[in-house]
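Participant: What follows is the residue order along each chain.
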Amino acid sequence: MPEPRDILLWVVLLPAAVAVIATLVSLIPGRRDSASQPWGPALAICAGFVAAYTKLKGIEGFPPVNVQTWLVYLGVPVVLIAIIATVSPRRARWIVFALSVTLIVLSVWLFSRPLARSLEPREFWTRTAFFAAGAVAWLGLMEALASRVKGATLPLLLWICAVGAALAVINAHSLLLGQLVGTVAAALGAIALLGLWFRNLTLARGGVLALAVVLLGLILCGHLYADLSQRDLILLAAAPLMAWAGELPFLKRGGVRFAVRLIAVLLVLAIPLVPALKGLQQTMQEQTDAYSY
Amino acid sequence: MRLSHVLAGLVVASLSSAAFAADNYKIDPEHSFVHFRVNHMGVSNTYGRFNDPTGTVTIDPADMSKSSINLEVKADNVDTDNDKRDAHLKNADFFDARQFPTITFKSTAIKGEGDKLEVTGDLTLHGVTKSITVPLTKIGEKETGQMGHRAGWEAMLDLKRSDYGMSNMVGPVGDDIHLVVALEAVKS
Chain A
148 MPEPRDILLW
158 VVLLPAAVAV
168 IATLVSLIPG
178 RRDSASQPWG
188 PALAICAGFV
198 AAYTKLKGIE
208 GFPPVNVQTW
218 LVYLGVPVVL
228 IAIIATVSPR
238 RARWIVFALS
248 VTLIVLSVWL
258 FSRPLARSLE
268 PREFWTRTAF
278 FAAGAVAWLG
288 LMEALASRVK
298 GATLPLLLWI
308 CAVGAALAVI
318 NAHSLLLGQL
328 VGTVAAALGA
338 IALLGLWFRN
348 LTLARGGVLA
358 LAVVLLGLIL
368 CGHLYADLSQ
378 RDLILLAAAP
388 LMAWAGELPF
398 LKRGGVRFAV
408 RLIAVLLVLA
418 IPLVPALKGL
428 QQTMQEQTDA
438 YSY
Chain B
16 MRLSHVLAGL
26 VVASLSSAAF
36 AADNYKIDPE
46 HSFVHFRVNH
56 MGVSNTYGRF
66 NDPTGTVTID
76 PADMSKSSIN
86 LEVKADNVDT
96 DNDKRDAHLK
106 NADFFDARQF
116 PTITFKSTAI
126 KGEGDKLEVT
136 GDLTLHGVTK
146 SITVPLTKIG
156 EKETGQMGHR
166 AGWEAMLDLK
176 RSDYGMSNMV
186 GPVGDDIHLV
196 VALEAVKS
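Chains as they are written, first to last, in the numbering used here: chain A, 148 to 440; chain B, 16 to 203.
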């Protein structure tokens, strides 16, 4: 097991610090009512992840042999698309969406590609299309939600989901992938803290795309290359979407809306998380026994 | 030229080619072993193996350049006698068996004679291919009757897993891997 000090430094503090800097720069001039530029949260999530990945795993040359390393390189087009979203006029948003969809489909194919050797072509393409369609739907729904919900609410709920996903992936026998999900959680936590002050901070048109590629990509890798079940993959991806519950028309007060969102997210997240926590507790118990590996 | 001379020539030619033909062997997975040793937390060594190695051995004593060894093990066959540890080893943290399902060794040159050989070849592990040279010792060769004509070889080698991109958890789990490869093969 890695030292707790290393986890704190490289999985939590490093990506959080990078995320804080990137988000703050995007909020210049820094007034409380400033809205973040789309590239800010995208850069915060991607740069935080890349910094931590470099330390935890090291970066191979291009093209990478290991599919997880694609996550590092995919951060570049994510930020570029967010920059296009920043500078393009409102009527050109369909271009940003089309680029985002293309990138997500490409990333799902890149993550799945090694399995083409072991699966029948029909099964491989069916699975890849299923995951790509799910990720595109996730992007559309989260993008719409992010444009309605500003400030700390969405980053906070996504932080909870990412922490839950990290624990579930670790319990699925991949400490490395779990730690990498943890780095995304750290970046989200930092953005959420900034969102408490900057009420107009938004994940729309940049941050959500970064999460669709990096966070969903890592969870997908947890399913494809570790032992995360397909059910848990779907539930972990669906949990943040439950934040839509706060958009029910009869919910007027902000506190109630947040509570409804939180409960809805936790209800779905609990299904994969509770067994994962039990599994981790059992593993920790075994680690202290002589029987343990 | 008389027909008898032609026939005699053919017989001599076939006999001489039979005498110098390469011996082809198929590795017997049940009697072949790929064992490894790795340090655990600096306090002890953990041992494991890859079950059911497969491949071929071709030895041509007359022309060693025609000899070859091809060995393949499935990363998913890693076995350390602990299900949880094996599951961890098979996943993305270590062998990443679904992404890199096979570990292969393909010889590119074999030197030496008799029972002591030096085999150079490409080892592909975790998607990374590197050329290595391994001393190979012939243990024995025998016509066993029902189980066919068999021969056995053994090699020991050391490598660093980080050289093959397996750098996760280096420290708690050692970087230096000691391998023992024991092959038994049936002449085909």
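If you are wondering where the hints come from, they were derived from the structure by calculation, not from laboratory data. Note that the Cβ used here is the ideal one computed from N, Cα and C, for glycine as well. Hints should not be assumed to be uniformly reliable.
[Stated by the list, open to error] Facing chain A, according to a computed beta carbon distance under 7 Å, are these residues of chain B, among others:
| no. | residue |
| --- | --- |
| 1 | HIS103 |
| 2 | ASN106 |
| 3 | SER146 |
| 4 | GLY155 |
| 5 | ASN183 |
[As the list claims (entries may be wrong)] These stretches of chain A come out as covered by chain B in the derived footprint (C-beta under 8 Å, 3 or more residues):
| no. | stretch |
| --- | --- |
| 6 | 211-221 |
| 7 | 229-242 |
| 8 | 250-264 |
| 9 | 380-389 |
[To be verified] Some residues of chain A that are not near chain B, with every Cβ distance over 10 Å (derived):
| no. | residue |
| --- | --- |
| 10 | SER181 |
| 11 | GLY298 |
| 12 | ASN347 |
| 13 | THR430 |
Participant: Which hint numbers doesn't this structure obey?
Facilitator: Hints 3, 4, 7, 9 and 13 are the ones this structure does not satisfy, whereas the remaining hints hold.
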